[in-house]
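**Q** Since the structure of chain A is already known, use the hints to place chain B on it.
In the order they appear, the protein sequences are chains A and B.
Using our numbering, the letters of the first sequence map in sequence onto residues 951 to 1272.
Using our numbering, the letters of the second sequence map in sequence onto residues 93 to 575.
Some hints here could point you the wrong way.
As the list claims (entries may be wrong) - Some but not every residue of chain A turned toward chain B, in silico, with C-beta under 7 Å: (1) Lys953; (2) Leu972; (3) Asn1007; (4) Arg1008; (5) Gly1144; (6) Leu1145; (7) Pro1149; (8) Leu1152.
Hints in this document: simulated from the structure, not taken from any laboratory.
For every residue, glycine included, the Cβ atom is placed at its ideal position computed from N, Cα and C.
In case you want the letters, here they are:
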Amino acid sequence: MKKLILKSGLYFFLILIFLEGLVRVFHLGKDTPNRFLDEHEVEKWVPNQNGFSVTGNRRQNFSEYKINNSGYNSYREFNPTANKTELALVGDSFIEGFHQNYYNSIGKKIEQQFTDIEVYEYGYAGYDFADQLHLVHSYKEEFNHIDKVILGIKFSNDLTRSKYQVMTGRLALESPLNKLLKKSKLLVYTKSIGLLDPPQKLIYRMRSFLKSKQEPHVISEEETARIQKEKEQQYLANFESLVKLYGFDKERFTLLLDSRITPPLFLEHLETNNFDYLDFAPLFEASKKPTTLIYDRHWNNHGRSLIAKVITDHLQQNKGWK
Amino acid sequence: MLFNSIDFFIFLPIVFVSYWFLFHKKNKIQNTFLLVASYIFYGLWDWRFLFLILASTLVDFFVGQAIHNSDNQSKRKTWLWISVIFNISLLGFFKYYNFFVNSWVDFISILGYDLKSTWTLQIILPVGISFYTFQTMSYSLDIYYKRLSPTKDFIAFATFVSFFPQLVAGPIERASNLLSQITAKRVFNYVQCTEGLKLILWGLFKKVVIADSIAPIVDDIFANYHSYPASTLILGVSLFSFQVYGDFSGYSDIAIGTAKLFGIELMSNFKFPVFSRNVAEYWQRWHVSLSTWFRHYVYIPLGGSRVSKLKSVRNIIIIFLVSGFWHGANWTFIAWGALHAVLYIPVFLMGRNRIYMNNVVAENNWFPSVKEIIQIMITFSLVTFSRVFFRSESISDAFGFIKQCYTNFSYESYHHPLGYRMIDYYILLGIFVWYEFRIRRDERAPFKFKSKYVRFLVYALVILAMLLFYDDNVDRSFIYFQF
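Chain A extracted, bound-state conformation (with noise of 0.2 Å):
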């Protein structure tokens, strides 16, 4: 029986060192880079990292990544002044853009479109509406360069907070028993097939087992249409409250939206109150191949395409940009 067990413990070792190895060998683990507070409290990535972002099992999705000296997702550096052409586009992950290459962007796809302009991608996984402004505000001189800034605003998600606070839970992640963790690439492999959320369900399967069992509250109809409506109201209250605190340049910004997923009530909103924005549901709607990634809910090539098109039409009619 020891021998058994010994041999058995000795084996799972060895065995687990030569799988960190192939993972790394064949770099199925992906690479995440470190995060930080700056001066200004805008949380955003430690300037010039790079590596490759993998997506579900057997790399199916790779690619790669390089962190500017300004801490986002690019391939250009940003240094906005007031005799170029630029355009920032800021968002969440949709336009950081860690599922593609960091040469083939959304930026980059405008970009081809003009003859001079430079475009500049402040997109960082879990921005808000609140992260955007408070960005903008924080890097007020440099973007009063920059002649159009472009926000990505989902209603549902981006509009949770009246102002801006640090991400906490975000910046936990950059504990030391994190980054430790991190460094075992076969951790990370697995933590992102799924295979380590078997054993983190047991756990909450457990704890609620200890707790009291609480009858489920069923909600109406109407109660779920009165929450809803009051949320977005919430929501609504919010975006003004963002907007008068940190200031929104109607001249220059635009936000950029799906209305299939947006209320009325913020459409008849930023319509009545001049606020500029643009809608690439249309497109979207109309396209026969398919926008998003099969595994993942971000915009595929075709997606990131067609969202390069709606910015660009805009450009070129609206603004006269060449």
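**A** Chain B in isolation, oriented as in the chain A frame:
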């Protein structure tokens, strides 16, 4: 509790260590512990159905003794019928009740009467009921045929019925093999345990890498067969052949391996059926414990092949229809069984049903001959064709599937519904078939390598394959649990 769940990987080491360290002194205590562990194993799925297992155990324990103690043949027969009727009634109610009601309603509607199906019930099929009822019945049958003496040890008998490694999906054991091991003193055996661990690893590979990774493709093709060309449908049903083999033989390997950890040897259930050279050989290699059960308790009592050719053919038809019906309460399984009878009868009439009983393809060669390759391919194609019925939701779906093959007889490349590269699966199956061929002489030794370094490398690659093909979105339950 599933063998491929985290619960089992916590449960098994606890039971294993307790079994050999805490409860090893007396056989009776060890068996009691195994019985409790088995009931926990089953009860974690649904404790209410433990009463069914207990009822089946009690009935056959006492029936066995009554048969043995009775000198009167008609009384013996009556006792046997009590066991058979009780177990078949359990199966009949939980598994077939709704099927019979719906079939009756359909039949009446053919005659022009509109009978609303108001008698159907919301019945949960207790996992493993088809397996443990057959196992307990075999005990009474063996005593009736005087092949076995009944045990007086109720704990041992209850452990035999509910032994957790094989409780929910077999192998269906006979008391002469399993009960005798349970009543005997077991001693820890290092070699047996390592063999068990290797079988568990190989079984997990077959389940996770082969069966589960293919499942989304098969599900997609069968769910949308009307929109795919013949090439895709052939791909789908061929992959299903591998899926069901990986799933069930993987389960059996884990069951046999787990039993070995407790010092118990279960019978082999799969002997590389993919390399069968005719349909008769296929049935000597596929789900062996069920085939053996039907041969012993249905086919031979009916006269087997020692009666006239016509009666033998009748017996073959009966055994395949019953076997099909055992799999599930659906006409598709009966059609599947009937189709196998049709495929088996010519082999039987030509006297070729036993010629491959004691040898394996390319027994003493590195490669099979061209003739053998052709035989294997024909057998695989026929068996795979029958799987259209096995996998389809209804008879009309099965015929729709077949019809689509010839009405849309064209080729189109198939894309994985979750976006994976299909080439990965073709390479995987190629390697799997090659490896299975390499180990074809001994289904209980999947990692037989002289060099320990090579063996280590193969272990690591097998685990790597599991990491590469693990899919969190796949339903990980075993196909045969529904039977």
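**Q** Are the hints correct? Go through all of them and say.
**A** Hints versus structure:
1. Lys953: It holds, given that the least Cβ distance between Lys953 of chain A and chain B is near 6 Å, below 7 Å.
2. Leu972: 6 Å, holds
3. Asn1007: With a closest approach of 6 Å, the Asn1007 of chain A hint holds.
4. Arg1008: Interface hint status for Arg1008 of chain A: holds (5 Å vs cutoff 7 Å).
5. Gly1144: 3 Å, holds
6. Leu1145: 6 Å, holds
7. Pro1149: 5 Å, holds
8. Leu1152: Given a least distance of 5 Å, the restraint on Leu1152 of chain A holds.
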